[in-house]
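J.: As given, the protein sequences belong to chains A and B, one line each in that order.
Each residue of the first sequence is one higher than the one before, counting from 1 in the numbering used here.
Each residue of the second sequence is one higher than the one before, counting from 1001 in the numbering used here.
Simulated from the structure, these hints should not be mistaken for lab results.
Watch out, some of these pointers could steer you wrong.
Said to hold, decoys possible - Cut-off 35 angstroms, straight-line C-alpha distance, at most; resulting in silico cross-link-like pairs (DSBU-like, lysine-lysine):
| no. | chain 1 | residue 1 | chain 2 | residue 2 |
| --- | --- | --- | --- | --- |
| 1 | B | Lys1584 | A | Lys356 |
| 2 | B | Lys1266 | A | Lys318 |
| 3 | B | Lys1460 | B | Lys1428 |
| 4 | B | Lys1584 | A | Lys248 |
| 5 | A | Lys356 | B | Lys1460 |
| 6 | A | Lys295 | A | Lys176 |
| 7 | B | Lys1507 | A | Lys356 |
All figures in this text were calculated on a predicted structure; none of them were measured in a lab.
The residues making up each chain are set out below.
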Amino acid sequence: MRRVVAIAIAAATLCVCAGPSRGASSQDFAAVERGRYLTTAADCGSCHTTPGSAHPFAGGRPIETPFGVLAAPNITPDRETGIGAWTDDEFDAAVRRGRSRDGARLYPAMPFPYYTRMSRQDVADIRAYLDTVEPVHNAVTVNRLPFPFDLRSSMIAWDAMYFTPGEFRPDASKSKEWNRGAYLVQGPGHCGACHTPKTLLGSDESSKALHGSVLQGWTAPEITGKQGSLRDWSVEDIAAYLKTGHNKNAAAAGLMGEVVGRSTSHLTDGDVEDIAIYLKDLSGSAPGKTASPDKDVMNAGGAIYQDLCSACHRGDGKGVPQMFPNLTEVATVSAAKPDTVLRVIIQGAASVSTEKEPTGPAMPAFGWQLDDAQIAAVATYVRSHFGKQDSAVSAADVGRARSALAARVN
Amino acid sequence: MSRKLPAKDVVIVGLGWTGSIMAYELADAGLDVIAIERGPWRNTATDYPPGYAADELRYRIRHDLFLRPEQTTFTFRNKMNQTALPIRSWGAFMPPNGVGGGGVHWNAETWRFLPSDFVARTHLVNRYGADFLPKDMTIQDWGITYDDLEPHYDRFEYLCGTSGQAGNVNGQIIEGGNPFEGPRSRPYPNPPQQQPFGATLFAKAARELGYKPFPQPSGNMSQPYRNPLGVRLGPCTYCGFCEWFGCGNYSKATPQTTILPALLRKQNFSLRDNSEVTRINLDASGKRATGVTFVDTDGNEWEQPADLVILSAYTIFNVQLLLLSGIGEPYDPIADTGTVGRNFTHQTISDVTSFFDPAKFVFNPFIASGAIGMCIDEFNGDNFDHGPHGFVGGGYMGQVQTNGRPIETTPVPPGTPAWGAEWKKAVKENYQSALKPGTGVHGSMYSYRDVYVDLDPTYKDRFGRPLARMTIDFHDNELKQNKFLTDKFAEIFKAMGAKQIKKEYRKGPYDITKYQTTHLCGGAIMGTVPGNSTLNRYLQSWDVPNLFVTGASAFPQNPGYNPTGTVAALAYWTADAIRSKYLKNPGRLIDA
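Next comes chain A alone, as it looks inside the complex (with noise of 0.2 angstroms):
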């Protein structure tokens, strides 16, 4: 708590330096282009536009949260609805702090956990972009949880526990390319927010950073470069796969999709070069077999492998570059968790159509061909056979994951 007042007091004084309201304005041309910058590096259209609105950051989407449903504020400069009465420190709190307008504090849906990492100035030069942007008149009802997680008063433990407010602080022992990198991955990348896992109040588990987790019905896969998932990609695989959405290992579809359209294709090549230098110097966790999976479901695996899936994904495996993921080397497929290899058996899957890699391949659905022990078999196969998963799935993950996704509305 101590290290939020500091900061509270810090930013009042540069307040006051500023002037009573505006750090920059949207007259400051440098200082809109850097604040477009980092709000498609942060990534805060993709939860503040409604999909398929033609109405961007006029907000409305329905977040999931594992306690319940928030929907995304309009934060056009919109004055009755939006955040164009607020003042520089207001959204300055919101961003980097967690605190709305009236004090309240925020859920950690907004990711402003990772936002802290930024500086006063990132956020100002967002704040200024923001006022350049079509106000849109659209109230919405923010909070939609259930009780007692609707009391926001809630959240004053959780920042407590979970909050370590602060901008980014460079290691001088990693080199200028690696420090970027990080800033990115850990600030308006907010990367950990989907790829590290949560304990059950929905916090990081900081010691695990970039692990890997499950959200809204898709893995999001360890992403440490050194023995993780990644060990066998090289900085330019990350960095073509965050530019194009695809490379020669994989493809990105559902949320990284949508990521990589929204955000990281539009980074610089520098940038996102940093952000694979980072994450190839990143530990994680060691791969480990831990056991080898029935013989009769491999085979069965194994056939329907050949019958269904070899057409693109090869006899092999391995695919085609930038086009068909190579199985052996798709983070998703060697996941704890299978959540994704079952969604996209299940329901298929759109890559996605980028600048640079426009023809966006679709995996299709094979629910409706494939049993669930089917499923289970193929999952397996793939999982252990041209994965390094060799945790079988069961006929009843498959019908779990089946209901589960049947349910969901995206």
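Keeping the supplied structure of chain A fixed, place chain B upon it in accordance with the hints.
T.: Structure of chain B alone, referenced to chain A:
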């Protein structure tokens, strides 16, 4: 009463191959483009995924991908003195429907026409004299040359990743390719597909007979490919479900796998699917198109105004829309006046099924693709002296192994009962050791005064519009040509060691129930002067200069190749003319 939509720069009728090419090129030029497509949106993973793409009953037998005759059809007769009747089940050709059009279900046999094909009348009259041509034959020159089209053929082949072996690069003849082809500016973007045993054996026998066999140019990928728009295709798996089917694994060049991903990224392009254009609207002068009217699936009628109209529907629907919209003068075969509907053609296809000793020959017919095979071109176009034979035209021929699909691949030797235990035994014995080329003899069909399209006097569609009526029959020239070519083709199978050969000549009358190809051509042809053609050499309407009509409807006659390569090259040629000439100075590109 139709409701008016906001005006666009360009409206495109039909989003098949040419519609997609035109849409991309014109959107790329910065124009605001809308395409209106009669059928549904279609995508690989959702509409023909590997899980059921290979459903022969659904697609081949029950015509899942095609236009439903209940929605619209046309009427047919052989002779002008007969009464035409509506076609209620497709047979001789398969009218496409939906986004991607015929590009979704083609075999991807990707040819260029011969240089002499574009100047057919001049060439044949020069070589054989005017009297050599049948009196009622109405073939004519196209108004463009092979050299005009070469860069545009090249663009299409590189768009598609065509797999093939060049036979003539900048005039230099290349061993192993087609020595008769026009000079190409560079080799194919991909090497040929691998050839199955039957094709290899065919090539060997053909070489021994003195021919120069070459691999069929294929829009099915011999290896992964990235095209100039950045769109990627995967390698073909040789599954043998190409024609009649959508490709489940992104291996066949289609609008979906080559253009649409790049087109859909353009903010200035939009599409309305499930919307049928009912007419092209003209202003009071009748010399300017103001847009189109279409009807959606709710029955609502809409007007889409546009400065430029691109008519990119299937051949016969292009002609029908011109006739229904009062554009150009309808062709009258008796008075020999008018042009719209004139020079309508199809194709002259035949096949040879040959039976080999099952103990010695195993052909594995299920190793197949829409365009793998070895072909010869010695009997195409005017590659041989027609003088002694008394006909003109020709075709390529080849052992093209398109499929071993179980329902239709049941070749049995002549004399086998048509059903029962003996038939089953014969099917079993011969399945692996018989050759039935997917494309055998692919002959030309030249144009005649009494083969044409007009509006049916009796039958109407659901909007009360007259159906198009086709009057078409084979003429002696084509039947003679087919006899000659089929015999030559059979000689090669004999040389391969076939113990029995069944020749299936194409015979008259033209039969609407027997599949040939979907290559209906002509009816809105291009030409040199308004009197002999509906369109000028840029596929621009002579009568309504802000209307361009793409597709095989522009062919004055149909040469002996699959048409898609030329159809697409013409679309690029037209798009190029619009971008480089028309937009700078909208109006007639050729003075009439």
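J.: Given the hinted pair A/Lys295 and A/Lys176, is their alpha-carbon gap at most 35 angstroms?
T.: At roughly 50 angstroms apart (the allowed maximum being 35 angstroms), A/Lys176 and A/Lys295 break the hint.
J.: Are B/Lys1584 and A/Lys248 close enough, with their CA atoms no more than 35 angstroms apart?
T.: violated (44 angstroms)
J.: Verify the proposed pairing of B/Lys1507 with A/Lys356, using a straight-line Cα cut of 35 angstroms.
T.: violated (53 angstroms)
J.: Next pair to validate is B/Lys1584 with A/Lys356; report whether the Cα-Cα distance is within 35 angstroms.
T.: Distance of about 31 angstroms is within 35 angstroms: holds.
J.: Is it true that the CA of B/Lys1266 sits at most 35 angstroms from the CA of A/Lys318?
T.: holds (32 angstroms)
J.: Taken at face value, is the distance from the CA of B/Lys1460 to the CA of A/Lys356 at most 35 angstroms?
T.: Violated. A/Lys356 to B/Lys1460 sits at ~49 angstroms, over the 35 angstroms cutoff.
J.: Just to be careful, I want the Cα atoms of B/Lys1460 and B/Lys1428 compared with a cutoff of 35 angstroms; is the pair within it?
T.: violated (47 angstroms)
Hints 3, 4, 5, 6 and 7 from the list above are not met by this structure, while the remaining hints are.
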